[in-house]
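Engineer: Construct the complete structure from the given sequences, taking the supplied hints into account.
Here are the chains, one letter per residue:
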Amino acid sequence: MSTAAAEFAGVTQRFGDFTAVDAIDLAIPEGRLTTLLGPSGCGKTTSLRMLAGYNTPTSGTIRIHGVDSTRLPPEKRGLGMVFQSYALFPHLTVADNVGYGLKLRRIPAAERARRVQETLGLVGLAHLAGSRPKNLSGGQQQRVALARAIAIRPRLLLLDEPLSNLDARLRVQMRTEIRRIQSETGLTVVLVTHDQDEALEMSDLIVLMRGGRIMQQGAPREVFSRPANRFVADFLGYENFLADAAGSLLTVRPEHLSLGAPAADGLGLEATVVSTAYRGVDLLVTLDAVDGSGAEVRLQADVRAGDAAELAPGTRTTVSAAPEHLVQLADSGKE
Amino acid sequence: MKTRRPVAATLAVAGYVIMIVPILFVVTTAFSSGSTLRFPPEGFSLRWFEAAVTYDPFMESLVSSLELALGATALALLLGVPATLAIHRGKLPGRGFVEGLFLSPLIVPELVVGLALYQQLMIGLGLNNVAALLVGHTALMLPYAVRVTGASLALADPAVEEAARGLGASPLRAFRTVTLPMLRPGIFSAALLGFVTSFNNVPLSLLLQDREFRTLPVTMLDYVQQSYNPRIAAMATLILAGTVMIAVIAERTVGFAKIFGGINR
Numbered sequence: 009m010s011t012a013a014a015e016f017a018g019v020t021q022r023f024g025d026f027t028a029v030d031a032i033d034l035a036i037p038e039g040r041l042t043t044l045l046g047p048s049g050c051g052k053t054t055s056l057r058m059l060a061g062y063n064t065p066t067s068g069t070i071r072i073h074g075v076d077s078t079r080l081p082p083e084k085r086g087l088g089m090v091f092q093s094y095a096l097f098p099h100l101t102v103a104d105n106v107g108y109g110l111k112l113r114r115i116p117a118a119e120r121a122r123r124v125q126e127t128l129g130l131v132g133l134a135h136l137a138g139s140r141p142k143n144l145s146g147g148q149q150q151r152v153a154l155a156r157a158i159a160i161r162p163r164l165l166l167l168d169e170p171l172s173n174l175d176a177r178l179r180v181q182m183r184t185e186i187r188r189i190q191s192e193t194g195l196t197v198v199l200v201t202h203d204q205d206e207a208l209e210m211s212d213l214i215v216l217m218r219g220g221r222i223m224q225q226g227a228p229r230e231v232f233s234r235p236a237n238r239f240v241a242d243f244l245g246y247e248n249f250l251a252d253a254a255g256s257l258l259t260v261r262p263e264h265l266s267l268g269a270p271a272a273d274g275l276g277l278e279a280t281v282v283s284t285a286y287r288g289v290d291l292l293v294t295l296d297a298v299d300g301s302g303a304e305v306r307l308q309a310d311v312r313a314g315d316a317a318e319l320a321p322g323t324r325t326t327v328s329a330a331p332e333h334l335v336q337l338a339d340s341g342k343e
Numbered sequence: 007m008k009t010r011r012p013v014a015a016t017l018a019v020a021g022y023v024i025m026i027v028p029i030l031f032v033v034t035t036a037f038s039s040g041s042t043l044r045f046p047p048e049g050f051s052l053r054w055f056e057a058a059v060t061y062d063p064f065m066e067s068l069v070s071s072l073e074l075a076l077g078a079t080a081l082a083l084l085l086g087v088p089a090t091l092a093i094h095r096g097k098l099p100g101r102g103f104v105e106g107l108f109l110s111p112l113i114v115p116e117l118v119v120g121l122a123l124y125q126q127l128m129i130g131l132g133l134n135n136v137a138a139l140l141v142g143h144t145a146l147m148l149p150y151a152v153r154v155t156g157a158s159l160a161l162a163d164p165a166v167e168e169a170a171r172g173l174g175a176s177p178l179r180a181f182r183t184v185t186l187p188m189l190r191p192g193i194f195s196a197a198l199l200g201f202v203t204s205f206n207n208v209p210l211s212l213l214l215q216d217r218e219f220r221t222l223p224v225t226m227l228d229y230v231q232q233s234y235n236p237r238i239a240a241m242a243t244l245i246l247a248g249t250v251m252i253a254v255i256a257e258r259t260v261g262f263a264k265i266f267g268g269i270n271r
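Just so you know, the protein sequences line up as chains A and B, in that order.
Count the first sequence with my numbering and you get residues 9 to 343, in order.
Count the second sequence with my numbering and you get residues 7 to 271, in order.
Rather than coming from a laboratory, the hints here were simulated on the basis of the structure.
In this text the structure is predicted, and so the values were computed from the model without any measurement.
A hint or two may mislead.
[Stated by the list, open to error] Using C-beta positions, here's what the derived DEER-type ranges look like:
(1) B:D163 <-> A:A121: 19 to 29 angstroms
(2) B:L161 <-> A:V75: 36 to 46 angstroms
(3) B:L161 <-> A:F26: 20 to 30 angstroms
(4) A:A117 <-> B:L109: 41 to 51 angstroms
(5) B:V250 <-> A:A117: 35 to 45 angstroms
(6) A:S191 <-> B:A253: 54 to 64 angstroms
(7) B:P88 <-> A:S172: 49 to 59 angstroms
(8) A:E192 <-> B:A253: 46 to 56 angstroms
(9) A:A117 <-> B:V23: 53 to 63 angstroms
(10) B:R10 <-> A:P321: 56 to 66 angstroms
(11) A:K111 <-> B:V59: 43 to 53 angstroms
Think of the CB as a built atom: it goes at the ideal place given N, C-alpha and C, for glycine as much as any other residue.
Structural biologist: Quick look at the structure:
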């Protein structure tokens, strides 16, 4: 079991009347990639900034490697941060940018040059050491920002939406890059993003936030297959929400719904086809049904195109799902 | 040449003509070989330039002007740059008011400023006119120091300073190694604009002059009232040449348009 690199205990951040972060408790595991995931305004960036030292919590404690660092200024925390805007020093070359932190630590010039080269090699930019930030592409600037943060051998590496300013293709590429760098260096990484694909692909631990609170945390598989509440399920792309006879809120993924065959146990409903969307390999079927509590629900089923021959709008059929695919949600996830 | 806006084009050309023609008159008469400021000038000679640079009152007051302009520029920047930082980055209450205060010398009549300085500093505190002039010129240049640097600062990414701190720099170190270099073009522009403003100033310098310390524009004004010959045109042409050189330096280093737009890229 990995130990905690950092811990939030009852941390709250208030700006006047607005509570950005509401008494969160969180342990960041050592040597792993943790993602704070959520929509804008959920408090993820504020939490990261408190960890970095740019914001001071209104109340609560932040410990880094066991030491209370709540009021420690950023320059004394030994953390590396990559900003969304990259924030490269425009008047310095790439090499000087990456070496900035090393120079502050009075590392002698020769050793500094060696480490700069090594770090630039790690991000694949050794050939651009003498360039200026303004002459680099977005992806290159981002990698320089990454190299600059890594060069100082930080205790934690913090990334604030590092991929959101990149085009789609680069984003996918960089996800693998960052993951690779993290496993090669063994760094503890905390990443902030609103993109669930990014979070699912890159993380060891996902922390879902909303309205300043943690809605669920766990490994990607765990969170994805067993969302705890409606907000998390919704955020992760679950489509079907229904209630059973006892009134509990359930959700099931579209690909786990079967049409036409009655299930022994689990879910079994009479439904009417509303529309279908042919996608080559699969077919998306929208249906209207009445759930266990008597409410009308609209369901999305994702079935193999070959299996579903007669599904014109208006067709009556049965919708079923095996019990292990039904996820019970704790609550609506609403405030 | 066809233009879609003939009226605007005509007005623009007329504007240029009105501004440049008088200057052309002065410059051409400076090369005259005669003794009067007549246009067209009689003959071609450089003797009036020699007369200008050997004329002690001109040269002494030129030195005074330069000393004053340099001193006031330095003081205005020393006061103005921290003020800009406090206004734009700090959590000062009443920031708008403070900024307005630093920009107010642009609208207060200079004679009023001069009179106030005379009354309070020279008579009240017994300071000499050089000190009063320095204070006055510094005040005149503060708006440039604050506004031009401010524009520069507004365009700089505040995250850059945070990045420096995250890497281990103390706030002062971050300022020195990151913020200040980023502000350099803005500060340089402010310095140039301020220097020219101080050098060319007449109302304040006129009010606070004395026999010992007098600026060049004031001396030239005095000269014109006594002797009316091409020496003054020559001196004016020399000043013009100096100004053009400064403009060229500004263009090469920072970009002339950016100085007046106050934009730092």
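Engineer: Look at each hint and say if it fits the structure.
Structural biologist: Checked hints:
Here the CB-CB span from D163 of chain B to A121 of chain A is close to 27 angstroms, well matched to the stated 19 to 29 angstroms. For the pair L161 of chain B and V75 of chain A, the supplied restraint of 36 to 46 angstroms holds, since their beta-carbon distance comes to about 38 angstroms. The given range of 20 to 30 angstroms is respected by L161 of chain B and F26 of chain A, whose C-beta atoms sit roughly 28 angstroms from each other. In this structure the supplied range 41 to 51 angstroms holds for A117 of chain A paired with L109 of chain B, their Cβ-Cβ distance being about 45 angstroms.
Between V250 of chain B and A117 of chain A the CB atoms are about 44 angstroms apart, so this pair conforms to the stated range of 35 to 45 angstroms. A beta carbon spacing of about 57 angstroms between S191 of chain A and A253 of chain B agrees with the range 54 to 64 angstroms that was offered as a hint. In this structure the hint that P88 of chain B and S172 of chain A lie 49 to 59 angstroms apart at CB is violated, the actual value being about 35 angstroms. A hinted range of 46 to 56 angstroms for the beta carbons of E192 of chain A and A253 of chain B is consistent with their spacing of about 54 angstroms.
Remark: the range hint 53 to 63 angstroms for A117 of chain A to V23 of chain B is upheld by a beta-carbon distance near 60 angstroms. The supplied range of 56 to 66 angstroms is met by R10 of chain B and P321 of chain A, whose beta-carbon atoms lie about 59 angstroms from each other. Separation of K111 of chain A from V59 of chain B is about 50 angstroms and conforms to the stated range, judged on CB atoms against 43 to 53 angstroms.
Of the numbered hints stated above, the single one contradicted by the structure is hint 7.
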